[in-house]
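Residues in the sequence shown are numbered from 1 upward in steps of one, following this note's numbering.
Don't read these hints as lab results, they were simulated from the structure. In this text the structure is predicted, and so the values were computed from the model without any measurement. The beta carbon of each residue, even a glycine, is placed where N, CA and C say it ideally should be. Incorrect hints may appear among the rest.
Distance windows between CB atoms, simulated [unchecked claim]:
#1 Arg16 with Asp89: 21 to 31 angstroms
#2 Asp89 with Gln27: 16 to 26 angstroms
#3 Phe192 with Pro99: 50 to 60 angstroms
#4 Pro42 with Val98: 15 to 25 angstroms
#5 Gln21 with Glu199: 42 to 52 angstroms
#6 Ser170 with Leu254: 36 to 46 angstroms
#7 Ser170 with Tyr237: 36 to 46 angstroms
#8 Trp148 with Met182: 25 to 35 angstroms
#9 Asp89 with Trp148: 20 to 30 angstroms
#10 Gly26 with Met178: 21 to 31 angstroms
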Amino acid sequence: MSPVWYAARLGVRRGRTELRQTFTSGQDVFGYVLWTVLLMVPLFLAGDERLKGAGISAGAFMLPSMVGMTLAFTGMMTTAQLLATEREDGTLLRAKAVPHGMVGHLVGKIVMVSGTALVSMALPLVVGVFLVDGVARQGGGALLTLVWVVPLGLLATLPMGAVIGSLVDSPRTVGLLMLPVMGLIVVSGIYFPLSKLPEWLQIVGQVFPVYWLGLGLRAALLPAGAVAAEVGASWRYLETVGVLGAWAAAGLLLAPSVLRRMARRESGATMAERHRKAMQRVG
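With the hints as extra help, turn the sequences into a complete structure.
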């Protein structure tokens, strides 16, 4: 076995260990439960209000949309936050000091973030299915759609999260990015159909993967008549594959070079400088 493959195998093992620690940590489990509760609040507020011409309630529309949003933002923002944090606390510098340590470290993070993303979307989906009528009643067809939408969504978001985490200066910068993220949610058709927005905002929303993940999950989990609420009254499977695939390709092309550049810049001196600046902010 080559050293790189061995490092990747160790990374998978490390990712599984981190997942097990996450799921046995009371604080982390509370975070999953709290996120699920927060996602349920808009469903209760929407009540049984019907979407005109779609044959479903507003809550039924929002549930798969919010699940897609969760997958996208967990994949992208969690990856970025972890990389930025581990640059600042020296974890990446220690990984760099080990032969092929960066490979194992990043593989471990991919396994860990993928697992947390799947759990973060599965919990509200399972709870929501019991609270909202008309969701997840499509049988085998829904499962087949989920089989390709979810992995493609992870491929579209995880590499871009690694790019963001490699470029920002600190975890606090990643936190500031949540401000434009809130605006992106508004134009991504999460809480109401994108077709209700002005055309130029529809174009903006369709540039990013959040809308397409929501669309793919609505196609999988909602009845056929719900397509009337979508742009062009179509589930647009080919466009979903195309846009998510384009984001995945862009991320997979950019991430390796950006990560290598970040690793080359890591040194004891740069980490000491970060700590000095952090102490100045505290002081």
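Comparing the hints with the structure gives:
1. Arg16 with Asp89: 21 to 31 angstroms: holds (22 angstroms)
2. Asp89 with Gln27: 16 to 26 angstroms: Holds - the Cβ-Cβ distance for Asp89 and Gln27, about 18 angstroms, lies within 16 to 26 angstroms.
3. Phe192 with Pro99: 50 to 60 angstroms: holds (52 angstroms)
4. Pro42 with Val98: 15 to 25 angstroms: The hint (15 to 25 angstroms, Cβ to Cβ) is violated, given that Pro42 and Val98 are roughly 45 angstroms apart.
5. Gln21 with Glu199: 42 to 52 angstroms: Cβ of Gln21 to Cβ of Glu199: about 47 angstroms, so the range 42 to 52 angstroms holds.
6. Ser170 with Leu254: 36 to 46 angstroms: violated (21 angstroms)
7. Ser170 with Tyr237: 36 to 46 angstroms: At roughly 40 angstroms between Cβ atoms, Tyr237 and Ser170 fall inside 36 to 46 angstroms, so the hint holds.
8. Trp148 with Met182: 25 to 35 angstroms: Since Trp148 and Met182 have Cβ atoms about 29 angstroms apart, the given range 25 to 35 angstroms holds.
9. Asp89 with Trp148: 20 to 30 angstroms: violated (37 angstroms)
10. Gly26 with Met178: 21 to 31 angstroms: With Cβ atoms ~25 angstroms apart, the hint holds.
Hint compliance for this structure: hints 4, 6 and 9 are not met, and every other hint is.
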